[in-house]
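As they're listed, the protein sequences go chains A and B. Here my numbering is used: the first residue of the first sequence is 1, the next is one more, and so on. Here my numbering is used: the first residue of the second sequence is 1, the next is one more, and so on.
Treat the hints as calculated values from the structure; they're not laboratory data. Heads up, the beta-carbon is just placed ideally off N, CA and C, and yes, glycines get one too. Errors might be hidden in some of the hints.
Listed next, the in silico BS3-like pairs over lysine-lysine satisfying Cα-Cα at most 30 Å (straight line) [unchecked claim]:
1. A:2 <-> B:154
2. B:295 <-> B:217
3. B:77 <-> A:257
4. B:211 <-> B:178
5. A:108 <-> B:133
6. A:257 <-> A:2
7. B:178 <-> B:154
8. B:140 <-> A:108
9. B:232 <-> B:211
10. B:77 <-> B:154
11. A:257 <-> B:211
12. B:232 <-> B:295
13. B:217 <-> B:178
14. B:154 <-> B:217
15. B:154 <-> A:257
16. B:140 <-> A:257
17. B:295 <-> B:247
18. A:108 <-> B:154
19. B:247 <-> B:232
20. B:77 <-> B:217
21. A:2 <-> B:140
22. A:2 <-> B:133
23. B:232 <-> B:77
24. B:77 <-> A:2
25. B:131 <-> A:2
26. B:131 <-> A:108
27. A:108 <-> B:77
28. A:108 <-> A:2
Heads up, incomplete: computed chain B residues facing chain A, CB under 8 Å, no partners named [said to hold, decoys possible]:
29. 52
30. 57
31. 99
32. 103
On the chain A side, residues computed to face chain B include the following (Cβ under 7 Å) [claimed, not checked]:
33. 3
34. 16
35. 93
36. 103
Read off the chains here:
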Amino acid sequence: MKHVIFAEMRKLRRPTLLLSTMAIVTLLTTLFTFITFWRVGNPRGNGRRGEVVTAQFLSTPHGLVYGFNLVAFLLGIVALCIFASQTAQEYTYGTLRNLLVRQPSRMKILAGKYISMVLFAILMVLFSMTSSIGMAFALAGHAHVITTSWTTSAGITALATALGNVLLSVACFGTVGMILGLLFRSPISAIATGVIWFLILENILAGLISSTAKWLPGQNIANLTTGQNFTFSYQHSLILDAIYIIGAATLVSILFKRRDVAN
Amino acid sequence: MNQGQDLAISVSDLSKVYGERAALSHATFSVPLGTVCGFVGPNGSGKTTTIRMLLGLISPTDGTGTVLGHDISQPEKYLPQVGAMIEGPAFYPALSGRENLRVLASLGGFDQAIVDPLLERVGLGDRGGSKFKTYSLGMKQRLGIAAALLPNPKLLVLDEPTNGLDPNGIHEVRSLIKDLAADGTSVFVSSHLLSELQMICEHLVMLREGKVIFNGKTDDLLSAQQPVLIAKPEYAVDLNKLVDIVKKSGHAVTLEDGAAHILSPADWAATLNRLAFEAGITLSSLTSVLPTLEKTFFEMTGAGE
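Here chain A stands alone, though its shape is the one from the complex (with noise of 0.2 Å):
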């Protein structure tokens, strides 16, 4: 197992995929959070959908990690199309029957390469994080936010929260995208499928009946960000979730394990 995920590391961390997704992350991250900062109180809104967050709420020990959460819907999206391309280019290129040969075990090349992009993602959560922390701690000042509950225990443990919660996110789209491609076997169409269903199929959905969002995958990986939806829990979410990813999962891996290696 460790070979594979040695080997999904070497091609995970080439300069132009690494470099480029800590980029964008750590401009989507800081963008969102200087927004917050920087239009502090502002009546159009500085916040989700054009919510007004002040001075006094970024002051709390939640304030610090509120632009990281922001942008953790996004970060999910970046982890699926990641996910979802490593795993459908093997496909395009014609590189798994090479990786069949060197590691005939496919669960064992399956799992090698999720625990690897696991890492990638963690990685790129990681980067997410601080480069937040370091934008709200350098806006603080101009947005007259009071930063000492940020560094209380309480601040730590909505940091680690938040964290841990994001993480969480960030993997259940991830392992969407390796579902998606391991379907697919095209990154294209894997990454088409999953960002139109989550960026707008399942939004018109829940737009149009409501009740449904409570059963949309998307709707409930991003209730795990924050558990701030208030017509379902974040205990429902983690369910639902862990039964649509799991049950998608199995599939797709009994799938693989089986489907001749054709191409």
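With the hints as your guide, set chain B onto chain A.
Positioned in the frame of chain A, the structure of chain B alone reads:
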């Protein structure tokens, strides 16, 4: 090892059916250890399907097989000793040749130190740092061969290794295969360059429409073919007269490059020489040759018809 200890590859009744179409039908053949075995057949005859089954990439519909003595249903037992290049080289375009090999070396748990010597061995020492997407077809092919050599294989499976190579590259691959065979590596190589295979293969497996039509020593195949007498008259105007003489004697004849190619035993040459002389024809050359592998291939597979 379980069975077939003196065989590199052995398959029995191996079949692969896709829907109504049999890509391979009840193939039975064996490849002795330590030999270079050519695997030939027209396009679509089932060569790549067979290779994929031997490497555990696709599962047979029916039949059994062993590679290095292990059942093909357990590829993990023999693949660490097998190097393979299937259907052309496939690598990550954004990675360098060296990095691509390192990925596979990591995956196989091989020492990374073997990568640079292998790049040197296939003539890519100075281009190892270039991205794979910048390689020419020949360079990609060389990298594929280097990847196949990573495990220092006991069995090397090469599918069309000379595709895209220039004559010099083809010569180098031939030398490489000969060197590996001399070191005891078994080589199973498919190619459409039959003249190349004839030069390096002691053993042949020939497929036609998913069925094995020959499995044995190359020499046995060629010597079983009827030799051809090539007779060239001194004057071209005598060629038709010579053809008439041959036909009257009951032998099949074709005209190629100003000479008569006659299907007949080698010892009929003396009779032909006498008959030509009696008809006033002087032969400038008269030689008996065995058909080439290419000719034999065309005859046996019906390819080119």
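Inset, instruction - If any of the earlier hints don't hold here, list their numbers in rising order. - result: 9 and 23
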